[in-house]
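Knowing the structure of chain A, use the given hints to seat chain B on it.
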Amino acid sequence: MATPTSSSPRRPSSLQADAALQKPQVNLVDLRALEYVDSYDHNLMCAICHSPFVNPVRLECEHVFCQRCVNDAMSHQDRDSRVYSITCPSCRRRIENRAITPVPKILNHILDDLCVKCPLEYLGCPEVKARGDIQDHVNKYCAYAEVKCPSESCLLTVLRKDLDEQRCLHSVMKCEDCESSFMERDLEIHRSRHCEVGKASCPDCNAQVLLRDLVGHIECCPDATFPCNAAEYGCDFVARRETLNEHLKTCPLAKFVPFLRMQNERLEAHEAALKHLRHRNSILETSFSTIQETLSPSTNLIDSPSSSAAGSDTGPFDSTAHHLLCLHESLREEVNRVSAAVSEVDAKASMMVMNESLRIKEDLSHANAAIGNMRMQLHWLMSARLQNQQRVAMIRAQSSGDGLGSSTDAGGSNRSVELPVRRLSDSTRQDTKL
Amino acid sequence: MSALPKRIVKETERLMAEPVPGISAVPHEDNLRYFDVMIHGPSQSPYESGVFKLELFLPDDYPMTPPKIRFLTKIYHPNIDKLGRICLDVLKSNWSPALQIRTILLSIQALLGAPNPDDPLANDVAQRWKEDEQAAIQTAREWTRQYAMA
Chain A
1 MATPTSSSPR
11 RPSSLQADAA
21 LQKPQVNLVD
31 LRALEYVDSY
41 DHNLMCAICH
51 SPFVNPVRLE
61 CEHVFCQRCV
71 NDAMSHQDRD
81 SRVYSITCPS
91 CRRRIENRAI
101 TPVPKILNHI
111 LDDLCVKCPL
121 EYLGCPEVKA
131 RGDIQDHVNK
141 YCAYAEVKCP
151 SESCLLTVLR
161 KDLDEQRCLH
171 SVMKCEDCES
181 SFMERDLEIH
191 RSRHCEVGKA
201 SCPDCNAQVL
211 LRDLVGHIEC
221 CPDATFPCNA
231 AEYGCDFVAR
241 RETLNEHLKT
251 CPLAKFVPFL
261 RMQNERLEAH
271 EAALKHLRHR
281 NSILETSFST
291 IQETLSPSTN
301 LIDSPSSSAA
311 GSDTGPFDST
321 AHHLLCLHES
331 LREEVNRVSA
341 AVSEVDAKAS
351 MMVMNESLRI
361 KEDLSHANAA
371 IGNMRMQLHW
381 LMSARLQNQQ
391 RVAMIRAQSS
401 GDGLGSSTDA
411 GGSNRSVELP
421 VRRLSDSTRQ
431 DTKL
Chain B
1 MSALPKRIVK
11 ETERLMAEPV
21 PGISAVPHED
31 NLRYFDVMIH
41 GPSQSPYESG
51 VFKLELFLPD
61 DYPMTPPKIR
71 FLTKIYHPNI
81 DKLGRICLDV
91 LKSNWSPALQ
101 IRTILLSIQA
111 LLGAPNPDDP
121 LANDVAQRWK
131 EDEQAAIQTA
141 REWTRQYAMA
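Chains as they are written, first to last, in UniProt numbering: chain A, 1 to 434; chain B, 1 to 150.
With the rest of the complex left out, here is chain A (with noise of 0.2 Å):
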């Protein structure tokens, strides 16, 4: 929800010189000025202001309107209290003490979410924001609100997008054509769009047109010139308008133009994709060269035996095939021996591996036998202990059962006859879990 807060204090702008071009700082969006891009729910509309619900609250019947819209239909009420009751504008129930509650969030919730137009579109701002961002929009955002001038002395505004200038906008300059004086800032929109007497001729025909309309003109001139439509592939025909269309039924070229724009067409595509495939030619090629260089070291070794042999003829060899023979067996010779290296170490290793688990083995044995041990004499201990808990509680039950009838006496002794048992099981489960 936009609540409404004011940000840098208004400024003075009385000064400025165009009362036109001159719009007081919105500090805060009336929210119901605002335009709303889409259609919205007919039942989100106030029935009194006929907007898009602003701050609703909920009367005691029930009916949603906008807090300043209740305000208002109560202030008048009041005014004429002679004539009116203070009654709800839907279904004239009386409303007892000006009962009005909130409504529900997720109605405010929908309200923000409605999209509308930055309220400074009439100065060019082309946002559209959900509503409840807006104020946020104005306050920091919109290139188009009005903020100080980065100049320190001055005290007047410049737009947001005008700040980027760095240096003050406000001296005043006049117009070259009409003579009156406009600040920095507004000068640019006048000459575009209001002043009266700035003229300039039509390149073509001479008429001399205000400044502002020069564009619109150029497009509807009766002698303005325009080349032929084949004018890029060769054409240097340049006519005014209705000649043009004459000379387009005969022109050779003109008619070819379709045609040779879909080949230009073509060609781009063709040439975008040769592009793409150099592209990936030189990564190949580049690739495979890295390839190449890994594996040069290797080739380097049997090509070098072979090109002393065959520049010196002193060498031990007959040909390269003799020697690449050579160099076969030799190598055949060395993987024999490395591997029988290879299954003496295997052996070895195993072997050891062997010896080791052995060893281990026996000292497994040895440990548990040892736990055994410890096993036996714990088992010991507790059964002693046990024992002498029994035997302790054995004489309590006596001393108790003096002071108590013959009849629990005998109760009591029975339970101390049946505990021992109880006790031994549980001693063997611990046991167990040992």
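Calculated directly from the structure, the hints in this document are not laboratory data. By construction, the Cβ of each residue, glycine as well, lies at the ideal position given by its N, Cα and C atoms.
Computed beta-carbon distance windows for the label pairs:
#1 Leu4(B) / Pro102(A): 28 to 38 Å
#2 Asp213(A) / Val26(B): 25 to 35 Å
#3 Leu4(B) / Lys148(A): 31 to 41 Å
#4 Pro59(B) / Pro102(A): 24 to 34 Å
#5 Leu210(A) / Leu4(B): 29 to 39 Å
#6 Ala207(A) / Glu18(B): 39 to 49 Å
#7 Lys6(B) / Glu165(A): 34 to 44 Å
#8 Pro21(B) / Glu265(A): 55 to 65 Å
#9 Ala114(B) / Asp213(A): 52 to 62 Å
Chain B only, in chain A's frame:
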């Protein structure tokens, strides 16, 4: 004059886009608060096939106060006086800001179809309406033919 409130703009747009059958309201170009209104007499009433001109003005604090409406065409009706002023509760004490031009004009059209001589504005007409309804209706028909048909 201050800018036209959004509500009046919207109401005018809607009156133009979706006019009420038998009623037209067109704002003056120089004063958008001033409307020329035409109401067709309801069928099966003495005002049938008559077209009545009215003027409608939206005061500055509309919609908090009712619009001011007056018949320009002479009409023989117990609730409408010689000056064209209308006796209708929603135009006075029973006005509500939730009402609008279109609903008010519909109320006036309904008033033509159902005259109420017990709450008169034109006393002579109301008197006649009560004493001799047939004759009064006949007069109303004649007036309609005389003043409300082009």
